[in-house]
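Q: Read off the chains here:
4 protein chains.
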Amino acid sequence: MTEFSEGESVTLDRLKEKMAEFARERNWDQFHSPRNLLLALVGEVGELSEIFQWKGEVPKGLPGWKEDEKLHLGEELSDVLLYLVRLSDICGVDLGKAALRKVELNAIKYPVSQKQNQTNSITDPNTTTTSHGNNNTEEFTG
Amino acid sequence: MTEFSEGESVTLDRLKEKMAEFARERNWDQFHSPRNLLLALVGEVGELSEIFQWKGEVPKGLPGWKEDEKLHLGEELSDVLLYLVRLSDICGVDLGKAALRKVELNAIKYPVSQKQNQTNSITDPNTTTTSHGNNNTEEFTG
Amino acid sequence: MTEFSEGESVTLDRLKEKMAEFARERNWDQFHSPRNLLLALVGEVGELSEIFQWKGEVPKGLPGWKEDEKLHLGEELSDVLLYLVRLSDICGVDLGKAALRKVELNAIKYPVSQKQNQTNSITDPNTTTTSHGNNNTEEFTG
Amino acid sequence: MTEFSEGESVTLDRLKEKMAEFARERNWDQFHSPRNLLLALVGEVGELSEIFQWKGEVPKGLPGWKEDEKLHLGEELSDVLLYLVRLSDICGVDLGKAALRKVELNAIKYPVSQKQNQTNSITDPNTTTTSHGNNNTEEFTG
Numbered sequence: 455m456t457e458f459s460e461g462e463s464v465t466l467d468r469l470k471e472k473m474a475e476f477a478r479e480r481n482w483d484q485f486h487s488p489r490n491l492l493l494a495l496v497g498e499v500g501e502l503s504e505i506f507q508w509k510g511e512v513p514k515g516l517p518g519w520k521e522d523e524k525l526h527l528g529e530e531l532s533d534v535l536l537y538l539v540r541l542s543d544i545c546g547v548d549l550g551k552a553a554l555r556k557v558e559l560n561a562i563k564y565p566v567s568q569k570q571n572q573t574n575s576i577t578d579p580n581t582t583t584t585s586h587g588n589n590n591t592e593e594f595t596g
Numbered sequence: 455m456t457e458f459s460e461g462e463s464v465t466l467d468r469l470k471e472k473m474a475e476f477a478r479e480r481n482w483d484q485f486h487s488p489r490n491l492l493l494a495l496v497g498e499v500g501e502l503s504e505i506f507q508w509k510g511e512v513p514k515g516l517p518g519w520k521e522d523e524k525l526h527l528g529e530e531l532s533d534v535l536l537y538l539v540r541l542s543d544i545c546g547v548d549l550g551k552a553a554l555r556k557v558e559l560n561a562i563k564y565p566v567s568q569k570q571n572q573t574n575s576i577t578d579p580n581t582t583t584t585s586h587g588n589n590n591t592e593e594f595t596g
Numbered sequence: 455m456t457e458f459s460e461g462e463s464v465t466l467d468r469l470k471e472k473m474a475e476f477a478r479e480r481n482w483d484q485f486h487s488p489r490n491l492l493l494a495l496v497g498e499v500g501e502l503s504e505i506f507q508w509k510g511e512v513p514k515g516l517p518g519w520k521e522d523e524k525l526h527l528g529e530e531l532s533d534v535l536l537y538l539v540r541l542s543d544i545c546g547v548d549l550g551k552a553a554l555r556k557v558e559l560n561a562i563k564y565p566v567s568q569k570q571n572q573t574n575s576i577t578d579p580n581t582t583t584t585s586h587g588n589n590n591t592e593e594f595t596g
Numbered sequence: 455m456t457e458f459s460e461g462e463s464v465t466l467d468r469l470k471e472k473m474a475e476f477a478r479e480r481n482w483d484q485f486h487s488p489r490n491l492l493l494a495l496v497g498e499v500g501e502l503s504e505i506f507q508w509k510g511e512v513p514k515g516l517p518g519w520k521e522d523e524k525l526h527l528g529e530e531l532s533d534v535l536l537y538l539v540r541l542s543d544i545c546g547v548d549l550g551k552a553a554l555r556k557v558e559l560n561a562i563k564y565p566v567s568q569k570q571n572q573t574n575s576i577t578d579p580n581t582t583t584t585s586h587g588n589n590n591t592e593e594f595t596g
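Just so you know, the protein sequences line up as chains P, Y, Z and V, in that order. When we follow the working numbering, the leftmost residue of the first sequence carries the number 455, and every step to the right adds one. When we follow the working numbering, the leftmost residue of the second sequence carries the number 455, and every step to the right adds one. When we follow the working numbering, the leftmost residue of the third sequence carries the number 455, and every step to the right adds one. When we follow the working numbering, the leftmost residue of the fourth sequence carries the number 455, and every step to the right adds one.
Source of the hints: derived by calculation from the structure; they are not laboratory data. Predicted model only: the values in this text are computed from it and were never measured. Treat the hints loosely; a few may be bogus.
Unchecked claim - Cβ-Cβ distance ranges computed for the label pairs, FRET-style:
(1) 558(Z) x 483(P): 58 to 64 Å
(2) 567(Z) x 483(P): 40 to 46 Å
(3) 551(P) x 515(Z): 41 to 47 Å
Stated by the list, open to error - DSS-like mimics (lysine-lysine), calculated; alpha carbons at most 25 Å apart, straight line:
(4) 524(Z) x 470(V)
(5) 509(P) x 520(P)
(6) 470(Y) x 514(P)
(7) 470(Z) x 514(V)
(8) 514(Z) x 524(Z)
(9) 520(Y) x 509(Y)
(10) 520(V) x 470(V)
(11) 563(Y) x 563(P)
(12) 509(V) x 520(V)
(13) 524(P) x 563(Y)
(14) 524(V) x 470(Z)
(15) 551(V) x 551(Z)
To be verified - Over the 12 Å line for every Cβ pair with chain Y, so calculated as not near, a few chain V residues:
(16) 470
(17) 496
(18) 520
(19) 546
(20) 558
(21) 559
(22) 561
(23) 564
(24) 565
The beta-carbon is built from N, C-alpha and C at its ideal position, and this holds for glycine as well.
Given these sequences and hints, build the entire structure.
A: The following block contains the structure:
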């Protein structure tokens, strides 16, 4: 089933097709309604959260995590992705196209300020923090 | 920022790079810790759920939805995807590779039965439903 | 540990005290930071969603559910509640008082219209549906 | 609508009745199916998460939070509670009774060890952390 060659980047369309084939082969199309898939997605987000729940703050790159913990994390991230891809497909949404469009909308909504663009803006984290903090419930939201 | 050509399929790596660039330009790397991004993801899943919350069952393809509702849905699906891609990157997980691996694991966990593979198996939905129902808390879970 | 007498209604304060005692006895206070508890709550909401994920629309009262399914549902609903109570306590929020206040705010935000208050308004579900639908992303939201 | 007297502890039954009355007065019973309410709950958990998403680790008691931030937090915690209470009611689950039962089940599942019960066990946090860490995806789960 794999035919995956290293170095080749995975496309959203390829995952979409794999999920469609997977469901068809098992006669699972009957279960894949939008709200069923959405609740399955929520279930997987719950499992993803469980990985992080008792850890306190976790640094980037997950230093100190065991190999099997990282593998488990990859599986839960994947579960969320696979249901998201399937949900989009069932809803008739081109997820890749929508995501590129959303990045553009975000770029308009959050323009790069001259100040932020300068490397030395990092020397004033409080200002950045504050302005980010004020927008925090809206970031990346349409 | 776009350079998006129609017909070209969007890769996860491309979205990863766009998100990294987006954060870097705005000095947002400081906010993009694993648990911050995870909670932002949960926030977006909440917004996605709000779209479906009062609708009762929704048929595939979303017949009867207005164009702006579909556009809004595409935005919320994208928000979930973008944070998922970013979270994976910050955790050092190759999301595309992990997702392909997970599809393979799922294929082993849920083998295509001879019965399911026959087109006429659809005539006995109860059997399929029951076997699916029994596995329902585990599907696609590592 | 129980001393629960039938007929007596359970208060949020009682659950709060039970959770505090439970954590203290096990030296778990060290793990019960706000964001740890929030992620644990998200994990439980995921498990709650898994119960409903492949069922399609489910009627009120859950006709046809087996007794052990209902028991399991009660456990997942409880897990969400217990973490919510504990999270509120750790944040210094009086949940019961806040909830009563929120019901009042909702009553102001969604006044009972004369029309809605008449029993025969039910004969025009489309109107009701539409007005509800327009408010749907905001309901019960501060 | 309130008749709330200070000092009196809020019961789950009282919130249940308030929610039932609220829905009845607005002819909203028609929208309050189990899965509609579940998705509304997920939406509110998303809003709760947004409050914490860019904050990094947050200490108990929320030192430094402004009064209006705490008020907003109380509202989002309440929204989750109110939908949880309503969902339980619509499913025919006695939430208070179920929650007390779950606390008892948890007490059996996680017995207080002699070691944990001694005050000086706190002097060996690593041991406690490890044993807790090993159980972390299961805590409070039926």
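Q: Now look at each hint and say whether the structure bears it out.
A: Verification of the supplied hints:
no.: 1; hint: 558(Z) x 483(P): 58 to 64 Å; in the structure: 46 Å, violated
no.: 2; hint: 567(Z) x 483(P): 40 to 46 Å; in the structure: 42 Å, holds
no.: 3; hint: 551(P) x 515(Z): 41 to 47 Å; in the structure: 43 Å, holds
no.: 4; hint: 524(Z) x 470(V); in the structure: 19 Å, holds
no.: 5; hint: 509(P) x 520(P); in the structure: 14 Å, holds
no.: 6; hint: 470(Y) x 514(P); in the structure: 15 Å, holds
no.: 7; hint: 470(Z) x 514(V); in the structure: 15 Å, holds
no.: 8; hint: 514(Z) x 524(Z); in the structure: 13 Å, holds
no.: 9; hint: 520(Y) x 509(Y); in the structure: 14 Å, holds
no.: 10; hint: 520(V) x 470(V); in the structure: 31 Å, violated
no.: 11; hint: 563(Y) x 563(P); in the structure: 44 Å, violated
no.: 12; hint: 509(V) x 520(V); in the structure: 14 Å, holds
no.: 13; hint: 524(P) x 563(Y); in the structure: 20 Å, holds
no.: 14; hint: 524(V) x 470(Z); in the structure: 19 Å, holds
no.: 15; hint: 551(V) x 551(Z); in the structure: 21 Å, holds
no.: 16; hint: 470; in the structure: 20 Å, holds
no.: 17; hint: 496; in the structure: 4 Å, violated
no.: 18; hint: 520; in the structure: 19 Å, holds
no.: 19; hint: 546; in the structure: 19 Å, holds
no.: 20; hint: 558; in the structure: 23 Å, holds
no.: 21; hint: 559; in the structure: 18 Å, holds
no.: 22; hint: 561; in the structure: 24 Å, holds
no.: 23; hint: 564; in the structure: 22 Å, holds
no.: 24; hint: 565; in the structure: 26 Å, holds
Comparing the model with each numbered hint stated earlier shows that hints 1, 10, 11, 17 do not hold.
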